[in-house]
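Visitor: Please take these sequences and the hints and turn them into a complete structure.
These are the residues of each chain, in order.
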Amino acid sequence: MVLKNVKLVAIFIGLLLGVSNVFAADAGTATAKHVVDKFQSELIVVMKNGKQLGYVGRYDKLRDSVTNSHDLNKIARIVVGKEWEKLSEEQQKKLVDVFSRLSIASYAHNFKEYGGEAFTIDSEEETTRGGVVVYAHLSIPNDKDVKFEYHLKENDKSWRIINIVANGVSDLALKRSEYTSILQREGFDTLIAKINEKIDNYSKL
Amino acid sequence: MNRLHSGNGKRLKTSLVILIGALSLGGCATTGEPQTTASKVDPNESINRDIFAFNDVVDDYVAKPISDSYKWVTPQFVQTGIFNFFNNLKNVNVVINDVLQGKFQQSAEDSGRFLVNSTIGLGGLVDVAKDVGLKQNDEDFDQTLAVWGVPQGSYIVLPLLGPTTVRGIPGAILDTAANPASYIGMPIQLVQMLNARANAQGSLDVVKEGALDPYVFIREGYLQTREHLATDGKSQATNDVDNDFADDAASPKSATDKKAATSTSSTDKANYALRLTAAEQSSNSFGGVTQSFDNTAKSFENASSKIDQLEKQKHSRKAK
Chain X
1 MVLKNVKLVA IFIGLLLGVS NVFAADAGTA TAKHVVDKFQ SELIVVMKNG
51 KQLGYVGRYD KLRDSVTNSH DLNKIARIVV GKEWEKLSEE QQKKLVDVFS
101 RLSIASYAHN FKEYGGEAFT IDSEEETTRG GVVVYAHLSI PNDKDVKFEY
151 HLKENDKSWR IINIVANGVS DLALKRSEYT SILQREGFDT LIAKINEKID
201 NYSKL
Chain W
1 MNRLHSGNGK RLKTSLVILI GALSLGGCAT TGEPQTTASK VDPNESINRD
51 IFAFNDVVDD YVAKPISDSY KWVTPQFVQT GIFNFFNNLK NVNVVINDVL
101 QGKFQQSAED SGRFLVNSTI GLGGLVDVAK DVGLKQNDED FDQTLAVWGV
151 PQGSYIVLPL LGPTTVRGIP GAILDTAANP ASYIGMPIQL VQMLNARANA
201 QGSLDVVKEG ALDPYVFIRE GYLQTREHLA TDGKSQATND VDNDFADDAA
251 SPKSATDKKA ATSTSSTDKA NYALRLTAAE QSSNSFGGVT QSFDNTAKSF
301 ENASSKIDQL EKQKHSRKAK
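Protein sequence lines, in the order shown, are assigned to chains X and W.
Just so we're aligned: 170 in the working numbering is position 170 of the first sequence, and the numbers increase by one with no gaps anywhere.
Just so we're aligned: 189 in the working numbering is position 189 of the second sequence, and the numbers increase by one with no gaps anywhere.
Hint data in this document are derived by calculation from the structure and do not stem from the laboratory.
Bear in mind that the values here come from a model prediction, so they are computed numbers and not experimental data.
What you were told as hints is all true, and nothing was included just to trick you.
Okay, derived cross-link-like pairs now, BS3-like style, lysine-lysine, Cα gap no bigger than 25 angstroms in a straight line:
#1 64/W with 198/X
#2 144/X with 130/W
#3 234/W with 33/X
#4 103/W with 144/X
#5 194/X with 112/X
#6 82/X with 153/X
Guide: Structure representation (structure tokens):
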């Protein structure tokens, strides 16, 4: 009798483990898409309430959306390329901080109104280096669709966006050229000053 | 010049790419100081920056004021009509280049688009074809040359005309020769230019608001968009390679060098080889256009062989 109970418990535990495994596997494969999906729908919500929220309101709403879906640390590092090693720890921290604020600010500035736009996720593909590319498009009424590719990498068991390619233009490559060029030509302090100036402008426009 | 297109830049300025429509007209404020050449594709960066700055001044003091007044006096539906009219004429070029690139089905669709808009669409003023579901394709002689394997060559900023590449110049000459709009006569062409400039305003605003270094921003945006168009959006593999490259660049130098030297993985070897040739090229390059032409050709070959390798690996992994 006792043995039978133990058996039942064992089966029960086995079932539980099995079920949780299924869930884990599910989460593992689906999250890259989920991350993009969640981010896109949060953007649309902010756009719909854009006017009432105002710039500050949109910035506050988008802060969590952007930081939870993007790997801003990694993006900031890639964007300065080899110059990253030449920066002191303090400078690296400073860069990540202003870069993150600029990213959120540019979303808050650009996604301020809603005119019937809609995001659709088309497909998903694994890359050779263990990343995932999520293909999506933005439909704009009376205008051409904008094709998006979201490049994601796994960081601490969660998928994060590290690059967005819009109609073939890679945001990461564009920023990398700009940032390394400024660092080489004009130095770290000018780069930070320019980023701060942009953040300031976005808040006023 | 004929490449100017759309860029309505409406409410939503999300797409960085619409700015490309504006590129032929140069960008915005820039600093004109001396620099170190940062990009392999741009060996003449200092001259280009000067011309960019010049174009910018011309745009600020001549083109923008005229275009602003044009926008102010011209109703939106007239602007759209004029855009549609010239865009429709451009379809003659699109069809020619469809054929030259062997896209026969697309050439039939684009011919249909041209015929529908030229007749039911009142000589092209109304884009009826869009509502029928015929989308506007974007083909030109520069893309055809790219498909034929002519390397892009270095990036050049032309006075008044704006960004192009070594390959883009013969491309633009052929585009102008093939486009019926070129034979209409000056006053109407002026309207075309004005209308294009007015349409580009939204995109130029994006550059002004978002770019830390407008010169680099426009150069990268232009080159990437041209690449995207020439490959019909199939260049995502290169994007992926770019990312990997970026990853390498971002990790500590000594570690990557060690990894590249000791690793047995062929991907890493390919990476290392590519980096070596890149280093060689940048040390050898002294800014001659022909020289950089060859270098670009070489790096193109390197990149494509690397992509092939990656592809093979993918296949073999799948096979396992």
